[in-house]
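Fit chain Y to the given chain B structure using the hints.
Residue numbers (my numbering), protein chains in the order written: chain B, 44 to 467; chain Y, 44 to 467.
Hints are supplied without guarantee of correctness; some may be wrong.
Which copy? The list can't say, so a pair holds if one copy fits it or any two copies do.
[Said to hold, decoys possible] Listed next, the in silico DMTMM-like pairs over lysine to aspartate or glutamate satisfying Cα-Cα at most 25 Å (straight line): (1) Lys161 to Asp142; (2) Lys276 to Asp329; (3) Lys161 to Glu381; (4) Lys273 to Glu149; (5) Lys64 to Glu265; (6) Lys243 to Glu265; (7) Lys68 to Glu219; (8) Lys47 to Glu136; (9) Lys408 to Glu174; (10) Lys232 to Glu381; (11) Lys53 to Glu265; (12) Lys200 to Glu236; (13) Lys408 to Glu76; (14) Lys129 to Asp424.
No wet-lab data here; the hints were simulated from the structure.
There are 2 protein chains.
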Amino acid sequence: MSAKDTDANKNYVCDLAQGAKRAGKLLAVSRGEQRSKALTTIAFNLREQADAIIQANKKDLDQGRKAGLSEAMLDRLGLDEERIGKMADSVEEIAQAADPVGQVIEGWTRPNGLVIHKLRVPLGVVAVIYESRPNVTSDAAALALKAGNAVILRGGKEAIHSNEAIVSAIRTGLAETGIPQDAVSFVDKTEHELVNELLKLDSLIDVVIPRGGESLIRAVVENSRIPVIKHYKGVCHVYVDAAAELEMAHQITMNSKVQRPGVCNAAETLLVHADIAEEFLPSVCDELAGAGVELRGCERSRELCRIIKAASEEDWSSEYLMLILNVKIVGTQAEAIEHINRYGSGHTDSIVTENIGAAEEFVAKVDSASVIVNASTRLSDGGVYGLGAEVGISTDKLHARGPMGAADLTTYKYVVYGQGHLRV
Amino acid sequence: MSAKDTDANKNYVCDLAQGAKRAGKLLAVSRGEQRSKALTTIAFNLREQADAIIQANKKDLDQGRKAGLSEAMLDRLGLDEERIGKMADSVEEIAQAADPVGQVIEGWTRPNGLVIHKLRVPLGVVAVIYESRPNVTSDAAALALKAGNAVILRGGKEAIHSNEAIVSAIRTGLAETGIPQDAVSFVDKTEHELVNELLKLDSLIDVVIPRGGESLIRAVVENSRIPVIKHYKGVCHVYVDAAAELEMAHQITMNSKVQRPGVCNAAETLLVHADIAEEFLPSVCDELAGAGVELRGCERSRELCRIIKAASEEDWSSEYLMLILNVKIVGTQAEAIEHINRYGSGHTDSIVTENIGAAEEFVAKVDSASVIVNASTRLSDGGVYGLGAEVGISTDKLHARGPMGAADLTTYKYVVYGQGHLRV
Numbered sequence: 044m045s046a047k048d049t050d051a052n053k054n055y056v057c058d059l060a061q062g063a064k065r066a067g068k069l070l071a072v073s074r075g076e077q078r079s080k081a082l083t084t085i086a087f088n089l090r091e092q093a094d095a096i097i098q099a100n101k102k103d104l105d106q107g108r109k110a111g112l113s114e115a116m117l118d119r120l121g122l123d124e125e126r127i128g129k130m131a132d133s134v135e136e137i138a139q140a141a142d143p144v145g146q147v148i149e150g151w152t153r154p155n156g157l158v159i160h161k162l163r164v165p166l167g168v169v170a171v172i173y174e175s176r177p178n179v180t181s182d183a184a185a186l187a188l189k190a191g192n193a194v195i196l197r198g199g200k201e202a203i204h205s206n207e208a209i210v211s212a213i214r215t216g217l218a219e220t221g222i223p224q225d226a227v228s229f230v231d232k233t234e235h236e237l238v239n240e241l242l243k244l245d246s247l248i249d250v251v252i253p254r255g256g257e258s259l260i261r262a263v264v265e266n267s268r269i270p271v272i273k274h275y276k277g278v279c280h281v282y283v284d285a286a287a288e289l290e291m292a293h294q295i296t297m298n299s300k301v302q303r304p305g306v307c308n309a310a311e312t313l314l315v316h317a318d319i320a321e322e323f324l325p326s327v328c329d330e331l332a333g334a335g336v337e338l339r340g341c342e343r344s345r346e347l348c349r350i351i352k353a354a355s356e357e358d359w360s361s362e363y364l365m366l367i368l369n370v371k372i373v374g375t376q377a378e379a380i381e382h383i384n385r386y387g388s389g390h391t392d393s394i395v396t397e398n399i400g401a402a403e404e405f406v407a408k409v410d411s412a413s414v415i416v417n418a419s420t421r422l423s424d425g426g427v428y429g430l431g432a433e434v435g436i437s438t439d440k441l442h443a444r445g446p447m448g449a450a451d452l453t454t455y456k457y458v459v460y461g462q463g464h465l466r467v
Numbered sequence: 044m045s046a047k048d049t050d051a052n053k054n055y056v057c058d059l060a061q062g063a064k065r066a067g068k069l070l071a072v073s074r075g076e077q078r079s080k081a082l083t084t085i086a087f088n089l090r091e092q093a094d095a096i097i098q099a100n101k102k103d104l105d106q107g108r109k110a111g112l113s114e115a116m117l118d119r120l121g122l123d124e125e126r127i128g129k130m131a132d133s134v135e136e137i138a139q140a141a142d143p144v145g146q147v148i149e150g151w152t153r154p155n156g157l158v159i160h161k162l163r164v165p166l167g168v169v170a171v172i173y174e175s176r177p178n179v180t181s182d183a184a185a186l187a188l189k190a191g192n193a194v195i196l197r198g199g200k201e202a203i204h205s206n207e208a209i210v211s212a213i214r215t216g217l218a219e220t221g222i223p224q225d226a227v228s229f230v231d232k233t234e235h236e237l238v239n240e241l242l243k244l245d246s247l248i249d250v251v252i253p254r255g256g257e258s259l260i261r262a263v264v265e266n267s268r269i270p271v272i273k274h275y276k277g278v279c280h281v282y283v284d285a286a287a288e289l290e291m292a293h294q295i296t297m298n299s300k301v302q303r304p305g306v307c308n309a310a311e312t313l314l315v316h317a318d319i320a321e322e323f324l325p326s327v328c329d330e331l332a333g334a335g336v337e338l339r340g341c342e343r344s345r346e347l348c349r350i351i352k353a354a355s356e357e358d359w360s361s362e363y364l365m366l367i368l369n370v371k372i373v374g375t376q377a378e379a380i381e382h383i384n385r386y387g388s389g390h391t392d393s394i395v396t397e398n399i400g401a402a403e404e405f406v407a408k409v410d411s412a413s414v415i416v417n418a419s420t421r422l423s424d425g426g427v428y429g430l431g432a433e434v435g436i437s438t439d440k441l442h443a444r445g446p447m448g449a450a451d452l453t454t455y456k457y458v459v460y461g462q463g464h465l466r467v
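Here chain B stands alone, though its shape is the one from the complex (with noise of 0.2 Å):
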């Protein structure tokens, strides 16, 4: 690449950064009916504008296939009326849940009189980058709004096309509602030297939100000086404790694998205390086996249920998101646990178990984002905790752990008041 397409990168990034700042600086000092009136309107505009939408989708499939995308990735680019239907409800959900911003987190009056609040405020901007789903883009624009701040989009090639009909339904709708269009920003170029360029920016950009696949994620980690908030891989596992509900478990066991493989909440692995492995176990896997699982044990497993092949090592820790599934028998409690925290991702870990003590335990040894008792892994989600809809899932422990919501997208600021106090 020459200087000077360097610094015309350098330079668009740049503006487009500071337009997000100034917007930012604006959004900050909004009020939330104005953000929630302006994310109605972006619904509306959604679904008016849903044709325009899949015109222009049509062309991102249509390259897609000659550039031989998967049918899988292909399947994930798809729009149709129901998808934007979705992806409007997901704003007007976004636009009706109560305000994070002004929020006082805690409040307490010290004895000499000063009153201290920690009071919810914007962070400014974000930046998020992703990959092929369209979706995205509203529900990260939302969410970033929702929170009073400015969102720089950067999505994956395949879908610019998409990616732009769905920012211009929603500039459009800022428009309208007084709010200045480049609250959300929009990478419309596809040079993949423009990333590096943004993630330079950290006197512009607040926090980097990667969502994508593991190596999108390392790239970005490693060339940012923003601080980013980390969506690494959901290497789930299913723990069936001695004292479990046999019929509960078989159900979660099905459902946290088998009700949607590719997504990073669902079970990776199923942990089987060996007291109960021999009533449990084959009735299980003959079910997973008919659902079409590909079934990976340890040995002991495998004396129990002859379709269960050898695992290797590496199937431990390895994110399928398609229909294989790992099975190991536990002689304790202790064994599953010290199992998920090696070889899990931290993402999301159930047990099921009828006994309380086992359930403490495990909740307070596993060392994960989210941990489950007597539910599926698949319910790891912003939209069943209550969050409305959630960034992504974040793997990190700082700032943000697990489903993220507008309230993750905030920080706070000390608001303290005094009648003339000073240090003694």
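Chain Y alone, transformed into the frame defined by chain B:
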């Protein structure tokens, strides 16, 4: 440096961090009363071993004098019985505070009966990299332990003997109360290269907190693969509004600048509304000058007070940490806010006013970690706010902002209780 030295450094910090991680796992499931008892014992040991600590500190002071450290640095480095007593007091205060671990930050039940808890849990391993003040050793160790974390301490080489003696008192206290000594791990070699090796260990260390000059913090940010919570400089302002109670404004200005000028929450710039400048400024400038403060200001202020020298553009963004104060007369509050957001460091800014609208606008629009109404900037402090003590004052917006206490060294996990809930 030879390859052999590099390997030795790598192995040294890796062993240290692995030990800390193991200790952190045990601490994470320890009880609050055990950690409190350890802290009380540590406070006792610090007092009991004061002589040994003072002897070790003498070595550092002797070497510092030979190396030509400034009197100010020697003063920060020096320990006597009183200072050690204060360190012990802090540890005791932290021991007696409420346990942040296990707190349910938020909890709710979804319409389908799913129970969602956000449970506060330790981060794991915290690394603190700091410069000369030995009291950081006991403060950081105590706050990390309170929050159930292991800590890795890397102090300045000029304080190595003092820090070793303090760490010895701490680790004896851990051993006496059944907590693994590696919960407080100390880098007892002074090679600079060790820090860079430490900053690569993102699988073992959860967060790095650098405390010291701007160059130290920038070096850590640039070299770290581990998330960093930054503690940059404090360019703090006092803004005296047209509706200020002038005697209060006078006292707050004096206290903010003079009470302890060498710290980050001391004021560097006084902004005065034009309407009251003539009445307010001359007398406060006389008293400031009488207290040894050098004044640098805008042209209008110099017309009112001849003792004010001309301020340069660079002065407005300088953290002096000494008896110098910038003075600027502003025509409107908007001008004051713009000045603060442009030249300030987002640390701490105060307004003095009796006008509720002016206070509300200032609180809403000044983008700083602490925004203070009618009190001294010097009150921006973990102890004053009631956090027990502080790891430092974060100028970041992610995870923790402003004074950081023990709770800011925690994360949370979602704990979800179902009764066989599945995703549909």
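**OP:** Any hints from earlier that this structure breaks? Give me their numbers in increasing order, please.
**Re:** Hint check: 2, 8, 9, 10 fail, others pass.
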